[in-house]
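> Take these sequences, add in the hints, and give me the full structure.
Chains as they are written, first to last, in this note's numbering: chain A, 1 to 179; chain B, 1001 to 1310.
Keep in mind the hints are simulated off the structure, nothing from the lab. Please note that the accuracy of each hint is not assured.
As the list claims (entries may be wrong) - For lysine-lysine, the following BS3-like pairs were computed, each having C-alpha atoms within a straight-line distance of at most 30 Å:
{"#": "1", "chain 1": "B", "residue 1": "Lys1003", "chain 2": "B", "residue 2": "Lys1038"}
{"#": "2", "chain 1": "A", "residue 1": "Lys155", "chain 2": "A", "residue 2": "Lys58"}
{"#": "3", "chain 1": "B", "residue 1": "Lys1199", "chain 2": "A", "residue 2": "Lys88"}
{"#": "4", "chain 1": "B", "residue 1": "Lys1003", "chain 2": "A", "residue 2": "Lys88"}
{"#": "5", "chain 1": "B", "residue 1": "Lys1199", "chain 2": "B", "residue 2": "Lys1003"}
{"#": "6", "chain 1": "A", "residue 1": "Lys163", "chain 2": "A", "residue 2": "Lys150"}
{"#": "7", "chain 1": "A", "residue 1": "Lys178", "chain 2": "A", "residue 2": "Lys58"}
{"#": "8", "chain 1": "A", "residue 1": "Lys155", "chain 2": "A", "residue 2": "Lys4"}
{"#": "9", "chain 1": "A", "residue 1": "Lys28", "chain 2": "A", "residue 2": "Lys178"}
{"#": "10", "chain 1": "A", "residue 1": "Lys4", "chain 2": "A", "residue 2": "Lys28"}
{"#": "11", "chain 1": "A", "residue 1": "Lys151", "chain 2": "A", "residue 2": "Lys4"}
{"#": "12", "chain 1": "A", "residue 1": "Lys88", "chain 2": "B", "residue 2": "Lys1037"}
{"#": "13", "chain 1": "A", "residue 1": "Lys88", "chain 2": "B", "residue 2": "Lys1067"}
{"#": "14", "chain 1": "A", "residue 1": "Lys88", "chain 2": "B", "residue 2": "Lys1038"}
{"#": "15", "chain 1": "A", "residue 1": "Lys28", "chain 2": "A", "residue 2": "Lys155"}
{"#": "16", "chain 1": "A", "residue 1": "Lys88", "chain 2": "B", "residue 2": "Lys1150"}
{"#": "17", "chain 1": "A", "residue 1": "Lys150", "chain 2": "A", "residue 2": "Lys28"}
{"#": "18", "chain 1": "B", "residue 1": "Lys1003", "chain 2": "A", "residue 2": "Lys178"}
{"#": "19", "chain 1": "A", "residue 1": "Lys58", "chain 2": "A", "residue 2": "Lys28"}
Below, each chain spelled out in residue letters.
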Amino acid sequence: MSLKLNYQLMSSDEVTVTLNRMADEILKANNGRPVVLIGIQRRGVPMARRMAVRIAEKTQREPQIGTLDITLYRDDLTRVALQPVVQKTELPNIDDRDVVLVDDVLYTGRTIRAALNELCDFGRMRTIQLAALIDRGHRELPIEANFIGKKIDTKDNEVVEVKLREIDGEDAIYVMEKI
Amino acid sequence: MLKRKDLLGIQDLSRDEILEILDTAESFQEVSTRPIKKVPTLRGKTVINLFFESSTRTRTSFEIAGKRLSADVVNISASTSSVSKGETLIDTARTLDAMAADCVVIRHSASGAPHTLARLTKASIINGGDGAHEHPTQALLDACTIRQRKGRLNDLKVAIIGDVAHSRVARSNTHLLTKFGSHVWLCGAPTLMPAGIEKMVCENVEYLHLTNSMDEAIQDADVIMMLRVQFERMNESFFPSVREYFRYFGLTSLRAARAKPDVIIMHPGPMNRGVEIATDVADGPYSVILDQVSAGVAVRMAILYLLLGG
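Here it is, written out as structure tokens:
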């Protein structure tokens, strides 16, 4: 299987503007109460860091951040041929806190299901909210995001590739097609 | 990615496979610090600890590793099993396979016992120590500890001292460290250095050194690894007395001072205090013996995950 480019969904500037807007929405929705931003490995991690910078600029207070690797909670481990690489989970104390999960693409909802199960093993949060840069539809579980960068219609054979400079060297979002 | 059914020895692992296990183990170390030290990854898998030799550390470590990954862990020791009624190893293995075990960790006094099992079972076999041959999970947890303390596995001088003849730990560690380009100095009394040990590694032979002088082995060493004197395997006298052994091959702080200032001192346990290692050294600031035990759980979680997770 290989991928061919269908179209570019966002430029570098659009990614920045969108992340800033989402950070502002998170701030507003929580009435200025401090939140913990938790990035899901891998691209949720730089997203959470950037939103934290934006929130710190606006409130003069740096929100706590964490990283979450959901590999060990996946429901398809026995189905995938090769095990995914396990990345690090590092969380601050999230008991009784307002937590915002941050991920790049919301698709089937299974990643978020795994993330919710994992978070619940770390304590009882006051609220868990979800921020996704792209919502591409095709949900298989009853899960929706509180904060969405952009919602798009996609076909099953399409792949949404989010590129972030911390990992990929550039900021952009492409919609690819499997051929 | 580990594309193998079994983990039988370090000798046939590639450097990439070893690094993958160590990287995964580092991610798993965090799981043991969580408020709930358990993840659902291996739910519904059965791991059997089949131990024909006594063990506290390895067996408990595998049991904890399996349980932290939500696998069901069953312990069988030879004295309480049908082995004491005369069942052969092969029949025991077939029985366990028929019960649909997913993984069997075996420790046996006969070198090659895990390899025999691996050919006969559908279950993954992990070598938990076979005779004087290999103890791969020990070498991997030692490598994990060394890499965390030294930041690398290459260009180190590692002195492995003591009962080399009976030590599978020495063999597995020698395979691993020479593969990465560290200099391994095997050192012991002439009676405890087996003939032909220099032919043990096939590649990187220039990294293996032998000596009977403890001072030569320790000089400027980055890592000192002491081996337990395995009295239970000694059916004849290998040295005149324990006191004489300690005088020539016991690690004291005076001897350790010849090593690099940032030396780390390791021991696979269980220790014979006052035989191969002095108490003040074992409990001293250079000792990483308890770090090795913690790394053991993470490394075994990584191995179970990589063999059974997919």
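> Where does the structure disagree with the numbered hints, that is, which hint numbers, in rising order?
2, 3, 7, 9, 10, 15
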